[in-house]
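Number of protein chains: 2
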Amino acid sequence: MPERIIVDGMGGDHAPENVVEGAVQAANDFDLEIILVGQEQALKRELHKYKVTGGKISIHHASQTVGMGESPVSAIRKKKDSSIAVSIGLLKAGEGEAIVTAGNTGAAVAASTLNLGLLKGIKRPGILISIPTRSGISLAMDVGANIDPTPEHLFQYAVMADIYARTIFKKRQPAIGLLNIGEEEGKGTDIVKETYRLLREADLNFIGNIEGRDFFTGKADCIICDGFVGNVVLKVTEGLLENIGGLIQKELTKSFFFKIGALLIRPALINLKKETNYEEAGGAQLLGIDGVVIISHGSSSAWAIRNAIRKAAQVVELDVNSHIVQHFSQKDILKDKAKNAEMTESHFVDKASQSPISTELKG
Amino acid sequence: MPERIIVDGMGGDHAPENVVEGAVQAANDFDLEIILVGQEQALKRELHKYKVTGGKISIHHASQTVGMGESPVSAIRKKKDSSIAVSIGLLKAGEGEAIVTAGNTGAAVAASTLNLGLLKGIKRPGILISIPTRSGISLAMDVGANIDPTPEHLFQYAVMADIYARTIFKKRQPAIGLLNIGEEEGKGTDIVKETYRLLREADLNFIGNIEGRDFFTGKADCIICDGFVGNVVLKVTEGLLENIGGLIQKELTKSFFFKIGALLIRPALINLKKETNYEEAGGAQLLGIDGVVIISHGSSSAWAIRNAIRKAAQVVELDVNSHIVQHFSQKDILKDKAKNAEMTESHFVDKASQSPISTELKG
Chain C
21 MPERIIVDGM GGDHAPENVV EGAVQAANDF DLEIILVGQE QALKRELHKY KVTGGKISIH
81 HASQTVGMGE SPVSAIRKKK DSSIAVSIGL LKAGEGEAIV TAGNTGAAVA ASTLNLGLLK
141 GIKRPGILIS IPTRSGISLA MDVGANIDPT PEHLFQYAVM ADIYARTIFK KRQPAIGLLN
201 IGEEEGKGTD IVKETYRLLR EADLNFIGNI EGRDFFTGKA DCIICDGFVG NVVLKVTEGL
261 LENIGGLIQK ELTKSFFFKI GALLIRPALI NLKKETNYEE AGGAQLLGID GVVIISHGSS
321 SAWAIRNAIR KAAQVVELDV NSHIVQHFSQ KDILKDKAKN AEMTESHFVD KASQSPISTE
381 LKG
Chain L
21 MPERIIVDGM GGDHAPENVV EGAVQAANDF DLEIILVGQE QALKRELHKY KVTGGKISIH
81 HASQTVGMGE SPVSAIRKKK DSSIAVSIGL LKAGEGEAIV TAGNTGAAVA ASTLNLGLLK
141 GIKRPGILIS IPTRSGISLA MDVGANIDPT PEHLFQYAVM ADIYARTIFK KRQPAIGLLN
201 IGEEEGKGTD IVKETYRLLR EADLNFIGNI EGRDFFTGKA DCIICDGFVG NVVLKVTEGL
261 LENIGGLIQK ELTKSFFFKI GALLIRPALI NLKKETNYEE AGGAQLLGID GVVIISHGSS
321 SAWAIRNAIR KAAQVVELDV NSHIVQHFSQ KDILKDKAKN AEMTESHFVD KASQSPISTE
381 LKG
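As given, the protein sequences belong to chains C and L, one line each in that order. Quick note, this note's numbering runs 20 ahead of the 1-based positions in the first sequence. Quick note, this note's numbering runs 20 ahead of the 1-based positions in the second sequence.
Keep in mind the hints are simulated off the structure, nothing from the lab.
Identical chains blur together in the list; that is why a pair holds if it fits in one copy or across any two.
For lysine to aspartate or glutamate, the following DMTMM-like pairs were computed, each having C-alpha atoms within a straight-line distance of at most 20 Å:
#1 Lys100 - Glu115
#2 Lys239 - Glu262
#3 Lys213 - Glu90
#4 Lys213 - Asp168
#5 Lys69 - Glu37
#6 Lys239 - Glu204
Use the sequences and the hints to build the structure in full.
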């Protein structure tokens, strides 16, 4: 049976146009069953523009939309029939296996956390993103769900990113790096220093602190950071790449020879753009939630939506969440064993198993 | 009388070679008096390679060097005769008006703070950097001196950056932006939110939160952030630019036509590199210290050192520090007036004037 992917038809700067186009592409290319959620008339109008040659697309009506600039918490409280809220309801009811949304990230995080809950053992969800580097794909987590994490949250992000890298990218011993202001142990804030300690003691291939300059070199397979830093880094990168593109274009119009040269190297630049394009990676995952929620960029093209849907199907198929739950329950077993044998376990595991699952959200 | 600039001859990845070469260039180009501090024999050997045609260069011996990877605090404690410690001693003794160092940043910050002290009214020093943007030079502060700032520290950084932009870059109403994960008020950590409140109430051209994507657009003349985020952003940018350069070069070797095209556009790329080059800006300033301390990149070229020395002379000439002291003492006057007239002053100014100047340093 093909995976059933619920797509927030109204989420994003170019919704529903790009979302519907991307959904059609995904249905045709990957033979998936797609449920588009949102205003029926608007979605139908878009859908009629395309021919669905494979897979299956249906529409599920939702009367409201959460705007990109709306306050997540109040939007979730007030708009019970928004496309994102209805999408989550459908997932919960078992009508689909995953959600893809390019809408208001804060609202998606808040609604998912409150209504789907967290995976057993996980304290806070985080957003994991794939980044193209010199030596393949690396992962960074968190890039915006949790701007005030504790060391335990960051530690759990490392564990989840490790499982993701093994499961989705088939990496054998993913190198885990902690984003910091210097490579030496003892650098950074108290929270980062305590996270370092937890990671060093864990059963992970922890390579220590990594500096910003190694964000895109592939030195670490998984880069762990708080959501504030991760969010700023992503957006700085986006802005920089846009600016450089503009600057190069501006320079290249300054002389006739430059224009000829630019024409000659155009295919190389297009290829480069493709190689460094986030859209290929197919969205970020809100990890730690009891459900598969893929968050695509607000300005997603149809191609980005298509790839996000592909990623959603892949995460469902390879069952990343089960691996995470299994990992954390094994940790519990270890702890119980340790208790029975009167052995000491690490400070972290004890603390983790005692505190209740928190679903409160910041900002 | 020409400005006398003290240059840490042993600081940096390519010291003393690049430092001495840059010092000679600065002496020749700007008719300055330069005191090179460090191991006499090594400095003499380098100095003999060049001809000093203007200005004046002397050598002041210091037997020790703080390594780039050394722990700042222990290095400052143990190496009393290091080139950076001796440089600071010379500044304090009035032998020069400013220091330029490309050495261990942490050591420079720690030694400056402890031995030179802070400007009256300033709670913590911060590193201010000039960044080339689409519409000219912007400033960012702090990029690494203070990774755990309070809202008051961040507020003071905004005031100092504002004064710097007015004094050095002749900007009339510098736009002050607070780096955050979203533009809306109410975004960010508690510290960022409280800083927002302080800035909104202040006599500054505060334009609100700015996101990472506007770091290089020139939307804000002064970008305020904590030292952790600022440091990571700078290093990510460096890494990204290096990677892109490498990727472009790699792509351009893939076909004969690309190679021809690359030759044709070479001058455009060189110009672009120059326009986006941090080295042109001439180093960062450790602002808030009672003294002028310019911190240059560890991997500085001779050209970067030359420009950092030029910047040092400029900051001395335009007397940025006096403007800062004047500003904060005016605030005191205002406060006294307010008290006498039983008027209320802002929460921040009251708090600022009551707490003692703190010279403790983190990490």
